[in-house]
Every structure is written in C-alpha cells, then in structure tokens.
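Chain B: place on chain A using the hints.
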Amino acid sequence: DTEVTQTPKHLVMGMTNKKSLKCEQHMGHRAMYWYKQKAKKPPELMFVYSYEKLSINESVPSRFSPECPNSSLLNLHLHALQPEDSALYLCASSQVGQGFAEKLFFGSGTQLSVL
Amino acid sequence: SQKIEQNSEALNIQEGKTATLTCNYTNYSPAYLQWYRQDPGRGPVFLLLIRENEKEKRKERLKVTFDTTLKQSLFHITASQPADSATYLCALVRTSGTYKYIFGTGTRLKVLA
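Sequence lines, in order, name chains A and B. For the first sequence, the numbering used here assigns the number 1 to the initial residue and increments by one for each residue that follows. For the second sequence, the numbering used here assigns the number 1 to the initial residue and increments by one for each residue that follows.
Just chain A, same shape as in the assembly (with noise of 0.2 Å):
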C-alpha cells in the first residue's frame, strides 16, 4: 500500500464552524506533513511531525490546530477560519531522512471552501 488517503475530498465550511481534515498512511513513515496550496501557487509547508512529534510549524495561525494520534494518523483541526484560508490542503508523509532526503508521497487534498 503506497496511497496517503485524505478525507474528505471537498469540504464547505461557515467562519464560525470547526471541522477537521484527516490523514492516513500505512507505510510505516513516521514523518509526515500538512501543506497548503492556492490555484497556481506551489504547496506552502505548514507542519511537519517526526515520530509523532511536531517539530516545525511555519508560523501557522492558531485557527489551524495540528494532531498526530499516531504513527499512521493526522488530523488538522479548523476552528474560526477565513475567506482567505480557502485552499487545497495536501499532507504527506515520508521515511524520516536519515543523512538521505526521502521522497514525499501525497494524497489528493482536501479542497476547502470558506464562506
């Protein structure tokens, strides 16, 4: 099984909802990524975790609140978001680089509309 599987594929959401996006792979990576994407922009990294640890966060507003349960789940949860937040978001997940870059493998995104 080579697929990070992302749910749900569409999502329409109001400024005042909380909803969460989720992520699942079972490929025994133990790093994985949330990254975001607008129409014709490249994928703009907003976390990483390594071996259930988050261990970078871009900067993310506080509206965007990452979880790794476990080594093949992860959650981001949304709460007040805005217009702007509007966007594709991509996670993937990855062998944790060990003096090698792994390659990513991503799943399909989730597009998110706010309203």
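Everything labelled a hint here was simulated from the structure, so no lab data went into it. One thing to keep in mind: the hints can contain errors.
Unchecked claim - In silico DSS-like pairs for lysine-lysine, Cα to Cα no more than 30 Å straight-line: (1) K57(B) with K41(A); (2) K103(A) with K40(A); (3) K41(A) with K59(B).
Said to hold, decoys possible - FRET-style restraints, in silico, Cβ to Cβ: (4) I56(A) with N7(B): 25 to 33 Å; (5) Q81(B) with S62(A): 26 to 34 Å; (6) M27(A) with L62(B): 19 to 27 Å; (7) R30(A) with G16(B): 24 to 32 Å; (8) V12(A) with S29(B): 26 to 34 Å.
We put the CB at the ideal spot given by N, CA and C, even for glycine.
For chain B alone, coordinates are given in the frame of chain A:
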C-alpha cells in the same frame, strides 16, 4: 529568505521535442533537490532526486542536472508526449534537524500533439 523560482509559469512545446524546465534558488545551499509532477486536483508525485555532489541523474526519458555554483537545476523531458502535460515542481530539501521540503513556483507544461 529562501527563494525558489522556476523559469516560466507556462511552457508549450510540440510533441516529440525536448522540454527543458529551470529551477533557480537563492539564499540557500540544499544538499538535495527533487522534482515532482502535479496533475490538476491531485497531490504532487515524486519523479527524481539529485544530490549536491551529483551533476546529472537520468530515469527513462527524464534527466536532471544540478549546478550548485549557478544555484540552478535543469529538468529535461525528451521525446515529449501529450501525457507529459502537467505542472512540474522542484523542491529543495534542507537537512539540518527535521528535513524541510520547500517547493518552487512550478511550471505548467503543455505538450501539443
């Protein structure tokens, strides 16, 4: 701050020709550089990796070069096909502490039949 630019936002070429995409970076000395392909509505898919001490890497119709003096990588697709039409992204990998993958601006390639 780190800046990674890919030469053109969009590139159209005729089927059968070689497509050449450029990735330029500043304020950074990556140990590795990767190339990904992204189709609309999908996540990026890994294609090739090249290390800082490697000049060239090949895989089937793909070739990547890495010039750390010029701070540039070139990505070539030979004998291009319409199925190669996609957005291609370079990614620099920082390897101090947790590995950090930073993506370039991307080039939308369209191969015309």
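Item checked: Hints violated by the structure (listed by number, smallest first) -> Numbers 5, 7 and 8 - these are the hints that the structure violates, sorted from lowest upward.
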